[in-house]
Amino acid sequence: MNLKKTLLAAAVALTATGAQAATELTVYTALEADQLKSYAKAFESANPDVKIRWVRDSTGIITARLLAEKDNPQADAVLGLAATSLLVLKGEGMLQPYKPAGVEQLSTQFVDKDETPSWIGMDAWVASVCYNRIEAEKHDLPMPTSWKDLTKPVYQGHLVMPNPNSSGTGYLDVASWLQTFGEEDGWKFMDDLHQNIDRYTHSGSKPCKMAAAGETPIGISFAYRGAKLINKGAPIDLAFPSEGLGWDMEAAAIIKGSDKMDAAKTLMDWAVTKDANTLYNGSYAVVAMPGVAKPVPNYPSDIADRMIDNDFEWAAVNRSRILKEWQQRYDGKSEPKN
Amino acid sequence: MTHSTHYLQIEHLRKSFGSFTALDDISLAIKEGEFVCFLGPSGCGKTTLLRAIAGLELQEEGRIVQSDRDISTLPPQQRDFGIVFQSYALFPNLTVSENIAYGLANMKMPRGERQQRVKALLEQIDLPDIGNKYPGQLSGGQQQRVALARALATEPGLLLLDEPLSALDARVRLHLRQEICALQRKLGITTIMVTHDQDEALTMADRIVVMDHGRIAQIGTPEEIYQKPATEFVARFVGSMNLMPARVLGARSLMLGRKEVQTPMVLPACDEGTLGFRPESVQLLDGPWGVNRDENLLFEARLDQIQFMGPFVRLEMCLDEELPCVHVDVAVEQHAQLNASIGQSLWLSIPEKDLKFYPAQHLNQSKPGVSRTAPDMGLAAMQVAGA
Amino acid sequence: MSNTLTIAARRSFDSESWLQRLVISLGVLFLLLALLAPLLTMLVKSLQNGAGEFIGLHNFIAYFDNPALTQSILNSITIALWTTFIVVSIAFVFAYALTRSGMAGKKTFRLVTMLPLFAPSLLPALSMIYLFGNQGILKDWLPVESIYGPVGIVIGLSFWAFPHALMILITAFSNSDARLYEAAKSMKTPPWRVFLTVTLPSVRYGLINTIFVIFTLTITDFGVAKVIGGQYNVLATDIYKQVVGQQNFQMGAVVSVVLLLPALISFAVERRVQRRQSALLTSRAVPLQPQKSPLRDALLTLFCALVCGFLLLVIGMAVYASFITFWPYNMELSLNNYRFDMMDGGGWASYFNSLQMSAWTAVIGTAVVFLVAYMNEKIKLMPFARRLLQLLAMLPMAVPGIVLGLAYIFFFNHPDNPMNGIYGTMAILVLNTVVHFYTVCHLTATTSLKQIDNEFEAVSASLKVPFYTTLRRVTLPLALPSVLDISVYLFVNAMTTVSAVVFLYSSDTTLASVAVMHMDEAGDIAPAAAMAVLLMLTSLVAKGLHWMISHQILQRTQRWRQR
Ligand SMILES: Nc1ncnc2c1ncn2[C@@H]1O[C@H](COP(=O)(O)OP(=O)(O)O)[C@@H](O)[C@H]1O
Ligand SMILES: [Mg+2]
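Residue numbers (the working numbering), protein chains in the order written: chain A, 1 to 338; chain U, 1 to 387; chain C, 1 to 563.
What the hints contain is simulated information worked out from the structure, not anything from laboratory work.
Where is the CB? At the ideal position from N, CA and C, for every residue including glycine.
A portion of the hints provided could be inaccurate.
Claimed, not checked - Mimicking SDA-like on lysine to any residue, the simulated pairs with C-alpha atoms at most 25 angstroms apart in a straight line are: (1) A/Lys-51 <-> C/Ser-506; (2) A/Lys-37 <-> C/Lys-378; (3) U/Lys-133 <-> C/Leu-449; (4) A/Lys-41 <-> C/Ser-507; (5) A/Lys-138 <-> C/Pro-328; (6) C/Lys-464 <-> U/Arg-69; (7) A/Lys-265 <-> C/Ser-506; (8) U/Lys-133 <-> C/Arg-559.
Said to hold, decoys possible - Looking from chain A toward chain C, a few residues come up when the C-beta cut is under 10 angstroms (computed): (9) Thr-63; (10) Gln-74; (11) Asn-163; (12) Asn-165; (13) Ser-166; (14) Gly-219; (15) Met-261.
Here chain A stands alone, though its shape is the one from the complex (with noise of 0.2 angstroms):
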């Protein structure tokens, strides 16, 4: 008798499954490649009946794909992009305000000050210096500890940072000198800074990369690449310029007109839940549940002291006039040394 329950349940329990198919839902990210894996587990054993379909880029390129579908759009959800896109997006009229289940419990500069919150925060990825000691010292070159320090004579051509057109963290490095140093001191900042800039690059790992590969002495990039790149060997130390660090967030949101809502909603309640924060620490050092962060190996336990006091607000809504501003005077220089 018992036995016979116990099969009948297990056959409706499999009708249910196989009568409705996982939902499919095609997640627009920034994160990093080797990240992607681990975060879809990690959802869909909590949520079987829904599949994420990550389309993945830098920052740059999936804001633009996102603005570029505004009137067809293709994605039902973000996760992993940078706050100052999504509240550009949030101006754009795209997102589609949604209050997860135990949002209360996250940090409230992690969340979108609305009522019914448009975006939620998961992270923060903090910029930081790429040092390699084998070619910094060919060069000579010390390790710098300040920003103001990078625009010294002797660090000529030997620096390489990202663009911030395309990348978050070159965005959050410019945003943040301008707010640090204010806007006229900051862009002087640049100015300087561009003398001794070899190259910027498209994205805001690559920075790193290169100079644990030897290919420049240093680049700026963010602490999360710089950690996992000591971890594999690299002859790079990370440096914390001592005016305090850009940072910004990764966040999540719905975009409106999404016909898969309610996986949607509960990719959102999922972001928000212990359990995806205890992975995003993971990864980053700070997340936006309070008391979950432990410390990552390789990277400083005290970076949260390091951070600038960041105003996302002005961030989005100066964007577009901050990178018009930094192409015209950066981008079209074709030999940066001179």
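Mind docking chains U and C with the ligands on chain A? Use the hints.
Just chains U and C with the ligands, lined up with the frame of chain A:
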């Protein structure tokens, strides 16, 4: 609708390519079983006319009736003809048998019967053993016959041949002329052949249609065409003909160059024209004696050159610096008897029946350039055309 | 004309010719929708603002007011001129050596020079990093300070464009007339005068043609400049930056229009020259038998060996680097870089997507191209439509891949477009790739169809066999070698192309060639090289298969070709 005795009737056909008129008011009737040649210099519209009959070109005006059926607007698939192209257009990747059977497959003919028919056709063209070869392995003459067999396989009522012999060398060409004629007679199939080779037309055709600039210049039996060329163009194109510009002085009097001559025939009322006679119709004399000037044209000319041509000797004679040379063909023995030497003056006598006079024509009928494409034309004709 | 119409209208119903009309119309419709409409949409976009309102030339004025952007025009032209000069000079001597000298080992040289055709254009650029980058093995040989910039672009492009130039020049050199040389020799003309008065004029059109082809190829290239260009911006990378970095689609459209111009001009000139070249070919010439001349041949052998050595060095470097664990600090060999699943760009799935996309492109593209070329060449109906078809078929050659890709976004992602369902699918990638490489395929098909007797269709009509039967039984088998050529050309190019598809892939349809670019963008240069090497290998395997098919199977089924 009246019943006609003609198998194929073409009425007032017109066709142009852009502003160029390729066929201009062509009317023509062909009897059942007849072998007709379209003859003319290249570019005169022979192929276009043939293709219009086949439905491969669509005329702008006019009617085509084939065995009492108006086929003017039918696509080629719905007409009844077999065609052999200049290039033969044999399918190189199919064997000879497959080529011949190509149209049979469509007729729902049983397999055995089809093979039987292919075999019979191969025998008919005297090539019984080549069924398994590919066209590339055959000689030109063999390919030509295979193309013929393929065209005949479906037993069409009308056979169209577009310069079928022009790609062959001289010896094979002569042989195949006979073969095609024999086959045509045997099958009794109405046949139209396009050619620019007057010998081919003269030897093969029951009737010849001479074409010039998209128009019909003359229709007639080979004898009629050769002996009574209706226009200067036909005269020039068929056989070789001495043609001399002449001014009409009176009813029987002409100015040839700087000399006045008396003609046996009455001249039409006009100012200028062309006098024509064939090189073989001339009799050479030592002096003007004993010739009836009422029946013969007589004039003196200087012998300039002697060309040995095999069966006869061609003498190039000069009447006057202003006039083109005159060709005179004489048999070898006669030439030996004559024993003429270069520079000597001789008298030329041409009987009235061999003389043609063409009054000066409308400009468009004697455009220069026509003669250039006709290979067998005499030197005199060329010079006339160029003048 | 009106008469034709009335007679044509009276023509009795004929299902076959209506089928032919239908196919021709479909061909025209295909090229209108997949080529012209997207380009026109793009043109319209360049005259609109972000909100889609018409603003006239405002975008263009903004563009030309921005020296940072207009600098790229100059850069693009500089790069294209230098590359054209280098490639054409080297290819000229090389082609001369292959066709006119008594040099040994010509086959081997020829084979080596074909190799770049099978590599994505990103491969030489990645190789440059390992050869001349800051950790490059030959860094000290580099005369300039950094490979990242114009020098790198020019070297990379030269590698990639070389076989294209060589192919045209070999044809040009092969077409010369031995009788002229004999005449010159009999008049005791010194060799240098023979060169100036006979050799040069006979290859003149081929040379001009090569110059324009290479100029077009290099001014529109995207991949090389993207990887090795550093801060040196060119038009093609500007389009990419405007679109992906600035989200400025209108400006992307403007730059596209600007890039389209020089390409269109040089394309038009090239077509004109091409026409004269073919006129030259019809003359009756006696082929030239190369003579031996020890000193000249030795010098030419040295030259060819150097050029081939360089090509092999570039390829070899990429292959070698792809097996290095962690350049330059851990030079142990390993397969780590082939673990694409840990990298950007979609991992191994991209590779299989690429295979699938290339296979579809080869199959569908060959079918479409051949059918359209057949209708255009052999069916005499609808002259106006066929003339339009011919024009449209030539156009893709002048449209840079990146421009076509952007145009596709505008057209196929438009919400009002009923075809927007294909956006983000494999179908749009296949469609785009077929159109992108349409012209060369069309020309190949047309050339081979021209060699087939024009009367086959008339013969089959007279035998009452439908044209499609003759197409299947005769025309297609006759054209089979070129059909195979087209399919392998499409396969290889679909495998290696980046520029057009970079805007069009989706997460389900990531492509290996784009993955190469993404891995490079992310700084994973060794895995990028690994993927590029893998793509080249795949293309070579495809070519090998093609070779086997055309030499084994064709020999059996095409017995008739033997005389
Ligand atoms: N398809 C065509 N388009 C334009 N002109 C043509 C075409 N076919 C034939 N012609 C022209 O029509 C004239 C007659 O051609 P055709 O009938 O082939 O002459 P032929 O008497 O040599 O067979 C020629 O001047 C030729 O150039
Ligand atoms: Mg003809």
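(request) Please write out, lowest number first, the hints stated earlier that are contradicted by the structure. (result) Hint check: 2 and 15 fail, others pass.
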